[in-house]
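Novice: Listed below are the residues making up each chain.
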Amino acid sequence: MNETDIAVAKQESSPRLMGLPREILLKWYDEMLLMRRFEEKAAELYRNGKIGGFCHLYNGQEAVSTGAIGALNPDDYVITAYRDHGQAISKGVHPNAIMAELLGKVTGTTKGKGGSMHIFDRATNFLGGHAIVGGHIPLAAGVAFAIKYRGEKKVCLCFMGDGATNIGTFHEALNLAALWKLPVIYIIENNRYGMGTAVERASAVDDLSKKALAYDMRRGVVDGNNVIEVYKAVKASVDHARQTYEPTLLDIRTYRYRGHSMSDPIHGHYRTKEEVEEYKKHDPINVFEEILKQEGMISDTYIDEAEKRIKKIVEESVEFAEKSPEPALEELYTDVYKESVGE
Amino acid sequence: MPIVSFREALNQAMDEEMARDDRVFLMGEEVAYYQGAYKVSQGLLQKYGEKRVIDTPIAEAGFAGIGIGAAMVGLRPIVEFMTWNFSLVAFDQLVNNAAKMYSMSGGNFYVPIVFRGPGGAAHNLAATHSQALESLYAHIPGLKVVMPSTQKDAKGLLKSSIRDDNPVIFIESEVMYGEKGEIPEGEYTIPLGVGEVKKEGSDVTIVSWSKVLQHVVMKSIPKLEELGIHAEVVDPRTIRPMDYELIENSVKKTNRLVIVEEGWPFAGVGAQIAFEIGKRAFDYLDAPIERVTQEDVPLPYNSKLEKASLPNIDKVIRAVKRVLYID
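Chains as they are written, first to last, in our numbering: chain A, 1 to 343; chain B, 1 to 327.
In case anyone wonders, no lab produced these hints; they're calculated from the structure. Here the structure is a predicted model, which is why all the values come from computation and not from measurement. Heads up, the beta-carbon is just placed ideally off N, CA and C, and yes, glycines get one too. Any given hint could turn out to be false.
[Stated by the list, open to error] Okay, derived cross-link-like pairs now, DSS-like style, lysine-lysine, Cα gap no bigger than 27 Å in a straight line:
{"id": "1", "chain 1": "A", "residue 1": "Lys311", "chain 2": "A", "residue 2": "Lys27"}
{"id": "2", "chain 1": "B", "residue 1": "Lys159", "chain 2": "A", "residue 2": "Lys338"}
{"id": "3", "chain 1": "A", "residue 1": "Lys232", "chain 2": "A", "residue 2": "Lys280"}
{"id": "4", "chain 1": "B", "residue 1": "Lys198", "chain 2": "B", "residue 2": "Lys321"}
{"id": "5", "chain 1": "B", "residue 1": "Lys219", "chain 2": "B", "residue 2": "Lys252"}
{"id": "6", "chain 1": "B", "residue 1": "Lys51", "chain 2": "A", "residue 2": "Lys181"}
{"id": "7", "chain 1": "A", "residue 1": "Lys338", "chain 2": "B", "residue 2": "Lys100"}
{"id": "8", "chain 1": "B", "residue 1": "Lys51", "chain 2": "A", "residue 2": "Lys148"}
{"id": "9", "chain 1": "B", "residue 1": "Lys198", "chain 2": "B", "residue 2": "Lys252"}
{"id": "10", "chain 1": "A", "residue 1": "Lys281", "chain 2": "A", "residue 2": "Lys153"}
{"id": "11", "chain 1": "A", "residue 1": "Lys293", "chain 2": "A", "residue 2": "Lys281"}
{"id": "12", "chain 1": "B", "residue 1": "Lys315", "chain 2": "B", "residue 2": "Lys279"}
{"id": "13", "chain 1": "B", "residue 1": "Lys51", "chain 2": "A", "residue 2": "Lys153"}
{"id": "14", "chain 1": "B", "residue 1": "Lys47", "chain 2": "B", "residue 2": "Lys198"}
{"id": "15", "chain 1": "B", "residue 1": "Lys304", "chain 2": "B", "residue 2": "Lys279"}
{"id": "16", "chain 1": "A", "residue 1": "Lys181", "chain 2": "B", "residue 2": "Lys47"}
{"id": "17", "chain 1": "B", "residue 1": "Lys47", "chain 2": "A", "residue 2": "Lys50"}
{"id": "18", "chain 1": "B", "residue 1": "Lys279", "chain 2": "B", "residue 2": "Lys198"}
{"id": "19", "chain 1": "B", "residue 1": "Lys321", "chain 2": "B", "residue 2": "Lys199"}
{"id": "20", "chain 1": "B", "residue 1": "Lys315", "chain 2": "A", "residue 2": "Lys148"}
{"id": "21", "chain 1": "A", "residue 1": "Lys105", "chain 2": "B", "residue 2": "Lys315"}
{"id": "22", "chain 1": "A", "residue 1": "Lys148", "chain 2": "B", "residue 2": "Lys47"}
{"id": "23", "chain 1": "A", "residue 1": "Lys148", "chain 2": "B", "residue 2": "Lys252"}
{"id": "24", "chain 1": "A", "residue 1": "Lys281", "chain 2": "A", "residue 2": "Lys311"}
{"id": "25", "chain 1": "A", "residue 1": "Lys338", "chain 2": "B", "residue 2": "Lys315"}
{"id": "26", "chain 1": "A", "residue 1": "Lys293", "chain 2": "A", "residue 2": "Lys323"}
{"id": "27", "chain 1": "B", "residue 1": "Lys198", "chain 2": "B", "residue 2": "Lys219"}
{"id": "28", "chain 1": "B", "residue 1": "Lys307", "chain 2": "B", "residue 2": "Lys279"}
[Claimed, not checked] Here are the simulated distance ranges between beta carbons:
{"id": "29", "chain 1": "A", "residue 1": "Arg150", "chain 2": "B", "residue 2": "Asn124", "range": "54 to 62 Å"}
{"id": "30", "chain 1": "B", "residue 1": "Glu245", "chain 2": "A", "residue 2": "Ala198", "range": "33 to 41 Å"}
{"id": "31", "chain 1": "A", "residue 1": "Tyr333", "chain 2": "B", "residue 2": "Glu185", "range": "39 to 47 Å"}
{"id": "32", "chain 1": "B", "residue 1": "Gly74", "chain 2": "A", "residue 2": "Glu307", "range": "40 to 48 Å"}
{"id": "33", "chain 1": "B", "residue 1": "Ala287", "chain 2": "A", "residue 2": "Tyr333", "range": "30 to 38 Å"}
{"id": "34", "chain 1": "A", "residue 1": "Leu179", "chain 2": "B", "residue 2": "Glu196", "range": "14 to 22 Å"}
{"id": "35", "chain 1": "B", "residue 1": "Lys223", "chain 2": "A", "residue 2": "Gly53", "range": "53 to 61 Å"}
{"id": "36", "chain 1": "B", "residue 1": "Pro298", "chain 2": "A", "residue 2": "Ile313", "range": "45 to 53 Å"}
{"id": "37", "chain 1": "B", "residue 1": "Lys279", "chain 2": "A", "residue 2": "Ala328", "range": "38 to 46 Å"}
{"id": "38", "chain 1": "B", "residue 1": "Asn124", "chain 2": "A", "residue 2": "Pro265", "range": "55 to 63 Å"}
{"id": "39", "chain 1": "B", "residue 1": "Glu196", "chain 2": "A", "residue 2": "Ile313", "range": "55 to 63 Å"}
{"id": "40", "chain 1": "B", "residue 1": "Phe282", "chain 2": "A", "residue 2": "Glu152", "range": "21 to 29 Å"}
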């Protein structure tokens, strides 16, 4: 295991629960558990041929989405890359609609036209779901531009992988966000691998937050296995952006337990079984469970009941998706050009 | 009717639309303090301020993406590319984000953006500064591609493009910016997807657009008339969606078609028009369809070579004679 990650994982969490009310903490616990069970179900459906194409699972990274989006208001925006089921759940997109989209049904978030990599939901300000590495990073700066243009106090959270920090649009967007002071928080979900290539073989710097130095941008490194730590770092960045419009780059250390996508084995070519098992010892759901137990916020009874409740939610989403119709053939030609309102 | 230059016509369009709708703003290299690399945005900074007329660093992919992101959440950006040659570094943003966002999001997010700037050859600018790239963009579903050939069309079409809720690729010509022509008085727009017969005739249909229509095709007319050939000149004005019906009706009258364009021949816009009209008007054609295109090579710096590569009056006359089986 990487030395920095060990150090980061062992850090004491200070004022532990930040005075957050129990209901929020339990909501986050439920949310992370829902993500985990949802992704496990998606893996099963993929293996059975019900989900096609590429499917990138979020197992192990739950605390990043939950903690980060937990720092937002509903009218703030979120945009991410293709490992997007977690963020969609955190933003409030209904699991039924996500599952239906994975199965390509017309009741899905994008009428079955997007699939796993393109979950979108206007109502919850979830701006997708993007499959070109780094392609969405300037879009996030554009959303932040619009916020500032209108004099609003909103922010845009932009998630990306470690691999995306090496591509041109990352640098162009960060320079523009810092230069123009745009209220975007760039979150690197640093799971140590860009597909099969370890960070140390792809990036000239290991601490990815250092790339912010090139743009004089506020930055930080965060323990992504601790949902409270993630929340703390993102909340501070969000508050800063609301006050000053200044952006932040966060290198959030996390790990994915599954392969890059469903086509990729869990371990073997580029990482060892031992490495995966070592990182699993810091499972963010277990980490949070431990903290909550120590603080007397959660009981085994609650945990059992939550498992049952969430299992039911996931099963209902599959039932909904399987019963839903596919899009009609005519849908091939809709949503390509919009009729202009012209007012 | 007022007489204005091309750049003034475009300037008026942007000015009027920015005054009408405060979601509209202009962004690009040198558009603000420099007053526009080609002075198209002259005076707009003074009138609207830095918030709405924005100078960008040299980062086309970055600022094209910013425009698209801002459009997704309800602003209506005009993004200027100093020339369309430079748009290629932003091609991913235009093709994978702007064009596809509406369909890929199942209708959740649309992108009311205009990308504009000059395209095509000027003089001695060499290979990477002279490209006519409309066929690349016209190939992509989700984009609209507009290319005005007159001052009147430029203003009316740019206004409509800004009001359109889809991403519009608006290609001008730097060589024409100083040229003057009449425009209607007062408020007017010209719809996208509707072409215009620029000159009526009976013997051959010549389809062309933008600079080539004015500087080559219209300049060929006197010589053609001397030869007793009355050409009909059809300007589609919008490349995508293309007004095939207008061209079809003309060809059904003249029975002969010549397409004159500045792009390269392989899979160019002319190739598309030829296929479509060949299908629609097969029984009306008295000769195979002819094209005059740029030579299938990168454009060189040397003036003689450059002129030999680009469409010119001689090439048009030869093509017209071929479809008329003259000489």
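Novice: Hints first: check each against the structure and report whether it holds.
Specialist: Here is what the structure says about each hint:
1. A/Lys311 with A/Lys27: Answer holds: A/Lys311 to A/Lys27 is near 16 Å, not above 27 Å.
2. B/Lys159 with A/Lys338: Holds, because 17 Å separates the two Cα atoms, which is no more than 27 Å.
3. A/Lys232 with A/Lys280: 23 Å, holds
4. B/Lys198 with B/Lys321: Given pair B/Lys198, B/Lys321 holds - Cα atoms ~21 Å apart, limit 27 Å.
5. B/Lys219 with B/Lys252: Given pair B/Lys219, B/Lys252 holds - Cα atoms ~24 Å apart, limit 27 Å.
6. B/Lys51 with A/Lys181: 13 Å, holds
7. A/Lys338 with B/Lys100: With a Cα-Cα distance of about 12 Å, the restraint between A/Lys338 and B/Lys100 holds, given a limit of 27 Å.
8. B/Lys51 with A/Lys148: Holds, at roughly 10 Å.
9. B/Lys198 with B/Lys252: With a Cα-Cα distance of about 17 Å, the restraint between B/Lys198 and B/Lys252 holds, given a limit of 27 Å.
10. A/Lys281 with A/Lys153: Violated, because 39 Å separates the two Cα atoms, which is more than 27 Å.
11. A/Lys293 with A/Lys281: 17 Å, holds
12. B/Lys315 with B/Lys279: 25 Å, holds
13. B/Lys51 with A/Lys153: Satisfied, since the Cα-Cα distance of roughly 17 Å is no more than 27 Å.
14. B/Lys47 with B/Lys198: 35 Å, violated
15. B/Lys304 with B/Lys279: 38 Å, violated
16. A/Lys181 with B/Lys47: 23 Å, holds
17. B/Lys47 with A/Lys50: The hint is violated at about 57 Å.
18. B/Lys279 with B/Lys198: Judged against 27 Å, a Cα distance of about 24 Å means the pair holds.
19. B/Lys321 with B/Lys199: 19 Å, holds
20. B/Lys315 with A/Lys148: Answer violated: B/Lys315 to A/Lys148 is near 53 Å, above 27 Å.
21. A/Lys105 with B/Lys315: 55 Å, violated
22. A/Lys148 with B/Lys47: 20 Å, holds
23. A/Lys148 with B/Lys252: 55 Å, violated
24. A/Lys281 with A/Lys311: This hinted pair holds, its Cα atoms lying about 23 Å apart.
25. A/Lys338 with B/Lys315: 40 Å, violated
26. A/Lys293 with A/Lys323: 39 Å, violated
27. B/Lys198 with B/Lys219: Within the cut-off at roughly 13 Å; holds.
28. B/Lys307 with B/Lys279: 33 Å, violated
29. A/Arg150 with B/Asn124: 54 to 62 Å: 45 Å, violated
30. B/Glu245 with A/Ala198: 33 to 41 Å: 58 Å, violated
31. A/Tyr333 with B/Glu185: 39 to 47 Å: 40 Å, holds
32. B/Gly74 with A/Glu307: 40 to 48 Å: Between B/Gly74 and A/Glu307, where Cβ atoms are some 41 Å apart, the hint holds.
33. B/Ala287 with A/Tyr333: 30 to 38 Å: 35 Å, holds
34. A/Leu179 with B/Glu196: 14 to 22 Å: With a Cβ separation near 43 Å, A/Leu179 and B/Glu196 fall outside 14 to 22 Å, so the hint is violated.
35. B/Lys223 with A/Gly53: 53 to 61 Å: For A/Gly53 against B/Lys223, whose Cβ atoms are near 58 Å apart, the range 53 to 61 Å holds.
36. B/Pro298 with A/Ile313: 45 to 53 Å: 59 Å, violated
37. B/Lys279 with A/Ala328: 38 to 46 Å: The hint (38 to 46 Å, Cβ to Cβ) is violated, given that B/Lys279 and A/Ala328 are roughly 28 Å apart.
38. B/Asn124 with A/Pro265: 55 to 63 Å: 57 Å, holds
39. B/Glu196 with A/Ile313: 55 to 63 Å: 59 Å, holds
40. B/Phe282 with A/Glu152: 21 to 29 Å: 57 Å, violated
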